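Student: Sequence:
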Amino acid sequence: ASSSSTPDPTGPVTPEDLERYTQTVWDSVLHFLVGTEHATMEPPPAVVHFLLQTNLMQTDPEYTGHNAQQEAPLVITEKGYDFLIRDNQQPVWHF
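Every number in the working numbering is 258 more than the matching position in the sequence shown, counting from 1.
Simulated from the structure, these hints should not be mistaken for laboratory data.
Don't take each hint at face value.
As the list claims (entries may be wrong) - Derived DMTMM-like pairs (lysine to aspartate or glutamate); straight-line CA-CA distance at most 25 angstroms:
| no. | residue 1 | residue 2 |
| --- | --- | --- |
| 1 | K337 | E300 |
| 2 | K337 | E295 |
| 3 | K337 | E320 |
| 4 | K337 | D318 |
The model shown is predicted, which means the values in this text are computed figures rather than measured ones.
All chains, please: the whole structure from these sequences, using the hints.
Tutor: In structure tokens form, the structure reads like this:
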């Protein structure tokens, strides 16, 4: 039997695996909120929908493209900034 430091992808998920995954997804949400250009991962569509429905983000009201409603980028709102400055545990409960 050979030992390997790489976890078996078909094996059980460890608490460390789950923590690493949730931190990665949470980081993607935070990067998306602040508009990081080179984010490694975009949050799932359901999360983006949540951010819009809760007014943490909105379509850019200053966007002047041809089809503003469909092409306008999303930007953080004042409520979104308030959300970001809370301690880590409070925002997670929104989700």
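Student: All hints, please: hold or fail.
Tutor: Hint-by-hint comparison with the structure:
{"no.": "1", "hint": "K337 - E300", "in the structure": "holds, 21 angstroms"}
{"no.": "2", "hint": "K337 - E295", "in the structure": "holds, 21 angstroms"}
{"no.": "3", "hint": "K337 - E320", "in the structure": "holds, 18 angstroms"}
{"no.": "4", "hint": "K337 - D318", "in the structure": "holds, 15 angstroms"}
Figure legend: structure checked against the earlier numbered hints; every hint is met.
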